[in-house]
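Asks: As given, the protein sequences belong to chains A and B, one line each in that order. Every letter in the first sequence is one number past the one before it in the numbering used here, and letter 198, counting from 1, is 198. Every letter in the second sequence is one number past the one before it in the numbering used here, and letter 167, counting from 1, is 1167.
Read the hints as simulated data drawn from the structure, not as lab findings. Cβ coordinates follow ideal geometry from the N, Cα and C atoms, glycine included. Treat the hints with caution; some may be incorrect.
Ranges between beta-carbon positions, derived for each pair [to be verified]:
{"no.": "1", "chain 1": "A", "residue 1": "GLN115", "chain 2": "B", "residue 2": "LEU1115", "range": "58 to 64 Å"}
{"no.": "2", "chain 1": "A", "residue 1": "THR387", "chain 2": "B", "residue 2": "PRO1120", "range": "47 to 53 Å"}
{"no.": "3", "chain 1": "A", "residue 1": "ALA273", "chain 2": "B", "residue 2": "PRO1120", "range": "19 to 25 Å"}
Some chain A residues judged to face chain B by a derived CB distance under 7 Å, without partners named [what the hints assert, rightly or not]:
{"no.": "4", "residue": "THR61"}
{"no.": "5", "residue": "ILE65"}
{"no.": "6", "residue": "SER68"}
{"no.": "7", "residue": "ASN280"}
{"no.": "8", "residue": "SER296"}
Counterexamples of contact, computed for chain A against chain B with all Cβ distances above 10 Å [to be verified]:
{"no.": "9", "residue": "ASN198"}
{"no.": "10", "residue": "PRO204"}
{"no.": "11", "residue": "LEU303"}
{"no.": "12", "residue": "ARG381"}
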Amino acid sequence: MADDTRHTDLPDEEVAGSRTTRREILTKAGVGSLLIVYGGALPRTAAASVPKYRGRELAGTLRIIQWSHFVPAYDKWFDDIYIKRWGQANDTEVTVDHINQADIPARAAAEVAAQSGHDIFFFLSPPAAYEDQVLNHADIVQEVTKKRGKMKTVALKSTYNPRTKKYFAFSDNYVPDPANYRTDLWGETGLRPTTWDNVRKAAPKLRAMGNPIGIGMSNEIDSNMVLMSMMACFGSFIQNKEQRVVLRSKETVDVLRFARELYRTGMSNEIFAWTAASNNQAMLAGRLSLAMNAISITRSAELSNPELASKIELLPIPRGPNGRLGLEHVMGAYVIWKFARNKAMAKKFLVDLETKYIGAFENSKFYNFPSWPASVPNIARRLERDTAKPAGKYKVLGEIADKYTLNPGWPGNTNAAIDEIFNKFLIPQMFAEVAQGKRTPEEAARVYDRTFRVIFQRWRNLKKI
Amino acid sequence: MPLRKRDKLLTYLVVGPFAIVLAFPFYWMLQTSLKSELDLYNTENNPFGWGEGSPTLDNYRFLFSDTQYAQWLVNTVLVGLAVVAITLLVSLPAGYALARLSGRWGQSLGVGLFLVYLVPPTLLFLPLSRVIAEAGLQDRLASLILVYPGFTIPFATWLLMGFFKSIPRELEDAALVDGASRLRSLVWIVFPISLPGILTVVIFTFSLCVNEFIYAIAFITNSDSKVVSTGIYTELIRGDVFYWGALMASTLIPAIPLALLYNTFLDRFIAGFTGGAFR
């Protein structure tokens, strides 16, 4: 639009500012034409006929930033095939920049500080704290819902703020979080990690065999997810449905006591210094008997060590006293910044991406599950068809996605306070302090309950909860 | 006077363990870069053994064929050279002025300048993001060339100031008496004597540019314009999967010329850092 205005203003300026002769106009026009034709002054994209919006290149440019997907094939498909086709179909030059997952918060903070950056920004957890900086994504949600039916509850509760009635993000995918366990090692214990009690019973023997349980208690995403899932299985929650802090409970004390025992009898102290990659690496090195992670462990093993891969089986989260309640491993959440330059195209891009999600699902090797299940027909059959050993290994992902995948902050919605607790890794810190004997379970539940109340109150004061 | 055998032995006994400890990361990088993925995770073969599929050049092949590593290397060198040039251009006269012309204020100003160097980039990258955006330099190497001198110039000026102080003033006075201008005496007398200090600034500034991370990750996101420190970090760590072999290969490659550079000019480098230390 700005360019259009400039063009329409130009003739007036010439009339008001100077008296140009016809000879001068012809000379300038001739030189200008030569420059354009032979000097490469035409925009590169316009010269290539895409986009067609001559002189309005910005209107046809879309900038996206997202993580470097753990499956390289996904990025290849997305960068080299999908966006190129979409760009051609929509007369838009799309660029995708990739970023390490650990740097997403810093990069987002930098873009917000600069009020400049990408049109579409991808987060790996619901970015509720940025609600004021993003558009309401409701129209995108409505458009996709119109085409693909109902959105998954986990995606809805992760991206919608009932207080402000705003969709602060658009979730294209979520990632089921299975238990990865070594069948050969667990076979010697005569148990399977189907319940947390089984994990507790088998842990000492497995550690004695040199293959401890691998549940992180560190400042990283996997620790966050597995510990919040474990809490839910024991009936311990950060907040209730009405978004009131309910951490201080008998169930929280129970789960902290359980985790302390599990650490003392069946884990190693490495878990306090883990990064998101540590459980992958320990599992690939054959050292762990159990890790809670998405399918990056098994997919990596299939490439580098197929024999080991065939010994790793996937299960839903172990059942606890409160049942089997798991969290998503990753919540893919795109946002369109308020300062995005091409909001209309950004919205269209997200709608199109979600409504035709088969490519994303297949190329992510079943890592990205669609937030609108109807976007990928016959998910169960696709999972069954995978050639990994043992046959049907990934079938369980469908079950986990349907039954055992909740949002962070469940039973309430994911909100800015949960986002802050998540990004400050307060849950892993609480567990680590108890496991290391720095606090008793009762003291930890009390102290962190108070901390969480302060965080919730702050966001409540800002009218975000 | 040559050292006696016993003294030599003692020297090696003291220096030897240090050398082993300092060289071990390079050995580790080299070995990991030559290992196959399968062998890498075989704990029995770490850190000294070789297993199935190793040694292999696959990681190097992957680096140059499947990533834009060569481009990142070029970008790193370009930024490094530009920043070195800007730093020398500013800090040479500044260091000299502070050492010679500012009297008692020189020392205080020098310390003040050095304090600027101590402000951490983690504090500065957010406001600077705004500056870079306003200047329209996002995703351009120019953003790094603009920002890096912010931390290289204070350090270089402080270092050179100390070095210039160690040069006898009489040398310049003699040149001035012989009719040379101050600029001429600077160029023909002071700078040649200051070569160790200047070399130190060059090497140190270039190393700082190669190592810098926060600004590079905050200002540049497109693959074509990345430098080594951020390129390998974003492209060789994919989610929770690390490409250790390629990562080690990618860090070893720029480390070798830098190590050679340091080694070649070691004496001058030490002279540069210690020049003026007792003045």
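Asks: Non-interface claim for LEU303 of chain A: all C-beta distances to chain B beyond 10 Å?
Replies: Given that some Cβ of chain B is not farther than 10 Å from that of LEU303 of chain A, nearest at about 7 Å, it is violated.
Asks: Any CB of chain B closer than 7 Å to the CB of SER68 of chain A?
Replies: Because about 5 Å separates SER68 of chain A from the closest Cβ in chain B, which is inside the 7 Å limit, the hint holds.
Asks: Hey, does the SER296 of chain A contact hint survive, CB to chain B under 7 Å?
Replies: It holds, given that the least Cβ distance between SER296 of chain A and chain B is near 5 Å, below 7 Å.
Asks: Run the C-beta distances from ASN198 of chain A to all of chain B and say if the shortest one exceeds 10 Å.
Replies: Fine: 26 Å to the nearest Cβ keeps ASN198 of chain A off the interface.
Asks: Tell me if the beta carbons of ALA273 of chain A and PRO1120 of chain B are separated by a distance inside 19 to 25 Å.
Replies: holds, 23 Å
Asks: Hey, does ARG381 of chain A actually stay past 10 Å from chain B on C-beta?
Replies: holds, 26 Å
Asks: Can you let me know if the beta-carbon spacing of THR387 of chain A and PRO1120 of chain B is within 47 to 53 Å?
Replies: holds, 50 Å
Asks: Has the hinted range 58 to 64 Å been met by the Cβ atoms of GLN115 of chain A and LEU1115 of chain B?
Replies: This hint is violated: roughly 30 Å between Cβ atoms.
Asks: Does PRO204 of chain A really sit off the interface, with its C-beta more than 10 Å from all C-beta atoms of chain B?
Replies: With a cut-off of 10 Å, PRO204 of chain A remains clear of chain B, as the shortest Cβ separation is near 22 Å.
Asks: Next item in the hint list is ILE65 of chain A. Is there a CB on chain B closer than 7 Å to its CB?
Replies: holds, 6 Å
Asks: With a cut-off of 7 Å, does the beta carbon of THR61 of chain A approach a beta carbon of chain B closely enough for the hint to hold?
Replies: With a minimum Cβ separation of about 13 Å from chain B (threshold 7 Å), the hint on THR61 of chain A is violated.
Asks: Using 7 Å as the Cβ threshold, decide whether ASN280 of chain A counts as touching chain B.
Replies: Holds. Min distance 5 Å.
Of the numbered hints listed earlier, those contradicted by the structure are 1, 4, 11.
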